[in-house]
Amino acid sequence: MSSFNARRVRDDIPQLRREVNGRLITYLDSGASSLQPQAVINAMSRYYELRHANVHRGVYQTANEATEAYEGSRAAVAHFVNAPGGASEIVFTKNTTESMNLVARSWGATNLRRGDVVLVTEMEHHANLVPWFQLRETNGIEVRFIPVGDDYRLDLSELEGLLAGVKLLSVTAMSNVLGTKNPVRALANAAHAAGALIAIDAAQSVIHGPTDVVDLDVDFLAFSGHKMLGPTGIGVLWTREAVLNTMPPFLGGGGMIADVRMDGFTPARGVARFEAGTPPIAEAIGLRAAVRYLEGLGMEAVAAHDEELTSDALRRLELTFDGRVRVVGPLTTERRGGVISLDVEGVHPHDVAQVLDQFGVCVRPGHHCAKPLMRRYGLAATARASFGPYSMTKDTDVLLEALEHALKMFG
Amino acid sequence: MTNLEDLYREIILDHYRSPRNRGELPSPPAHIVEGFNPLCGDEVVAYLDVRDGVLVDIKLTGHGCSISQSSASLMSAAVKGKPLDEVEATIDTFKSLMTTRESDLEKSEEASAADLRTLGELAALRGVVKFPVRIKCATLAWNTLRQGLEELAS
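Chains as they are written, first to last, in the working numbering: chain A, 507 to 917; chain B, -11 to 142.
The set of hints was computed from the structure by calculation and includes no laboratory data. Nothing here was measured: the structure is a model prediction, and the numbers come from that model. Watch out, some of these pointers could steer you wrong.
To be verified - With a Cα cut of at most 20 angstroms, we get these calculated EDC-like pairs of lysine to aspartate or glutamate:
| hint | chain 1 | residue 1 | chain 2 | residue 2 |
| --- | --- | --- | --- | --- |
| 1 | A | K914 | B | D(-6) |
| 2 | A | K914 | B | E31 |
| 3 | B | K118 | A | D863 |
| 4 | A | K914 | B | E(-2) |
| 5 | B | K124 | B | E22 |
| 6 | B | K118 | A | D656 |
| 7 | A | K877 | B | E31 |
| 8 | A | K877 | B | D2 |
| 9 | A | K914 | B | E(-7) |
| 10 | B | K124 | A | E628 |
If we strip away everything but chain B, and leave its shape as in the complex, we get (with noise of 0.2 angstroms):
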């Protein structure tokens, strides 16, 4: 039996009613992108603004349920400030995290330690891998970002 506390951990709550990085940046010279999740009409929308190899500044708009907003609240405030190298590694965490099977989690918990520290507030969207329909709502605005810094690159 799935435990609804494992979803909505406090953290969670809190970013989805205080939204951080919440707005837009001008762009130019920010750069725009957008995510949707089409099936539950989540959206994401991001502001990067990276110079000389490092994601200076991150700000987001969008709507969608409290899974996918904290998310990517939690996202800005890891990655904000980072060079993109370090905003990339946080990317691979956060999404491998995501695909970690239910069964696998304990065993994980111990390898992945380091991880989960690197992760910081974020290790408190590792619930969600029990609910695999929230998946998508976790991942989308991390899914955007790298997106964005796609577009960015080529």
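Excised from the complex, chain A in its bound form (with noise of 0.2 angstroms):
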């Protein structure tokens, strides 16, 4: 093992100390949503003890407090995925799927025309898919897919052919069912070279490795902050000011104005046009407090405790269950994060789950909201095994230890 201490990471979780079903809790679900270390709680529970006020408004000394930790989150997560401009680049959202309904309604709406090309791919998650073909349906672009191989990764074969046309290359970094990391920096050439841009949905790839805007030189990037370490109610959707300064205001009240007459209205320049009415204070304040906690771990370190969990667990699921528990997605960690979908012979997801709950087991059976993807590899539904930093071989014992009762239980 690394320097990295999974052992300490779980100790700052007090839901890994809770028992469920007489059994110490094994949380597997991350990729549905993460845990949050003691840190993060304490951040949430001291803005609402003691410096609770509304941001941007009051001069008192809890609304300047309240206003600095909300803008001083923004600062952290501009670093944490190294904004080349700063905080001004930050616009705070609900979550992963508003961020991305942010790029659709309010970039996709004003640039895209009949017959524009939005390029996805078939393993997006629908917050990826539904935006578009909603501007489908209310601007009449065209919604394409790049397929997806029988190795469970992008099929780039034709990538140059299905982007002409294309303003908009919209892919998710890593698959919430299969694992797969996509090859961002090489698809954002490929989008620039042709003209497009690029737009990246990191709800499950921000937790299982270092995301750089620079580095992976893409023009969205969305994600959630429940996925992170942080509390559920934040996501960020980050662009360059540029871009920015070009995006209509998506939802319209207090705050996102820097004018109202009885004629109308402007909006305010920067993020603010895009955080209409009270934002999520505390959890911006958890959100900072998440960002500390991964920057502390070292994102490098929390990448290759992934890797290393992941391996340990492809390796023993091959065999322990000699093909009886087929993971749908790569056999190798090589461009691969710890979400790893099981296929369980003779057995439903939802029953695996159910029989994997009774020994503490938390995974998450079903279509994992990636139904075109399930469709394409003629699978219902899956149980899906997802990892965080606080996990540890220790669960893929329990893991195997469940998955042999179910097995056993109904063949």
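Take the two lone chains, each set in its own frame, and fit them into one complex as the hints suggest.
This is the structure in structure tokens:
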């Protein structure tokens, strides 16, 4: 094991001390939502206990503290993704889904005309499909797909042709079903060469390795706080300031204006124009604590730990079950993260998850909001186990024990 | 603490492994009705052959978890060949079983002993109420059947 100490991370997560069905919880659903370190919970509690006030309004002490904490979070997130323009490029939203909708409804609706193409992939989450389908209905755009291959990776053999007429390539950095990590930098190069912009759904990838928007050379990046040890209710959209300033407001109301008159309004400049109404202040403060925590661990170390766990799990799933438990995704850790979808012979994923619950194991059954992908592979559902920085090989031990039981019960 | 054996009774696993009345009926004359649980993707397709107020035959296709598919199988065995008023009564009895709160299970066991006798093998699904998120799995086929009968009646 690297210098990274998962045991210590684990000790920081109060929920991992809880028992479920008489056993210590084995949390393998970080792909749906990660658990929070005590530091994140404390930061939010302190805000509510001592500093609660609305932001950007009052002149009194606690209002200033709240504003500083909220804006401080923006700066921390900017640093976390290496935003070249800093905090002025970070828009706070509700979650990744809202961030993708913001790109579609604001940038997309303004810049895309009938016949323009948005290129997505067959492995997208519904959050990066439905907003484009909606824009297809209202603006008459075309939504085109990069196919996935039988190797559970993007088939990029026809990429050049697929990019013809494309204004935006919108793609996940890491599949929430397959665990596949996509070659974002190469895709960005191809998109830019074709005169298109590129938007990245980083909801899954953000907790499995470093995220550097300069290095990736992308134009939009969306992710959620609750999948990176932060709270629910806050998401992020990063884009360059130059792009941001061409985007009209998405929601109207207080906070997003420069002026309102009887005959109209002038939107605020910068990120404020996208944050109508009282924002998720406590959540932003929690997210800042999560960022601080992750930077303390080092995302390179988090990635190495994730790879170690994934490699171990893939190997033992193969060894233990001899094909009776099939991994729906790449079988090596090359360009792959710790999200492992399982197809268990003769046991429906909901039954797998039900049996696992009896062992205190939390996995997610279902289509994982990626129905086109599931259809592509002829699956209705999978049972998905996913790791976080606090996961350890002993979680895999319990997973294997519980899977064995499920096979026995239904076999 | 819930017990897995309450959910996965042997009868349920048997109907899951060897579903009864599996297949299709020619349509027409059979009426086809589909039911989905959009959140989990479970699906039941029922082929209903109703003649002179009797559910002469029923066949089922679809896919899903052991609870949804075994419930469909158990249902088909319980309603096949029955007059429609008996079919409706069985649906009512089953659905009320699924809305019985866990805490009332023991009480209702005496009160509805007669109902349970009517349900026969279906009573094996009683344990599902201890797992609230699985109730929708157990009721899928029944809601689909009821919808099909309503469509036939209108």
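A quick look at each hint next to the structure:
| no. | hint | verdict |
| --- | --- | --- |
| 1 | K914(A) / D(-6)(B) | 17 angstroms, holds |
| 2 | K914(A) / E31(B) | 25 angstroms, violated |
| 3 | K118(B) / D863(A) | 14 angstroms, holds |
| 4 | K914(A) / E(-2)(B) | 13 angstroms, holds |
| 5 | K124(B) / E22(B) | 15 angstroms, holds |
| 6 | K118(B) / D656(A) | 40 angstroms, violated |
| 7 | K877(A) / E31(B) | 14 angstroms, holds |
| 8 | K877(A) / D2(B) | 30 angstroms, violated |
| 9 | K914(A) / E(-7)(B) | 13 angstroms, holds |
| 10 | K124(B) / E628(A) | 30 angstroms, violated |
When the structure is compared with the earlier hints, violations turn up for hints 2, 6, 8, 10 and for no others.
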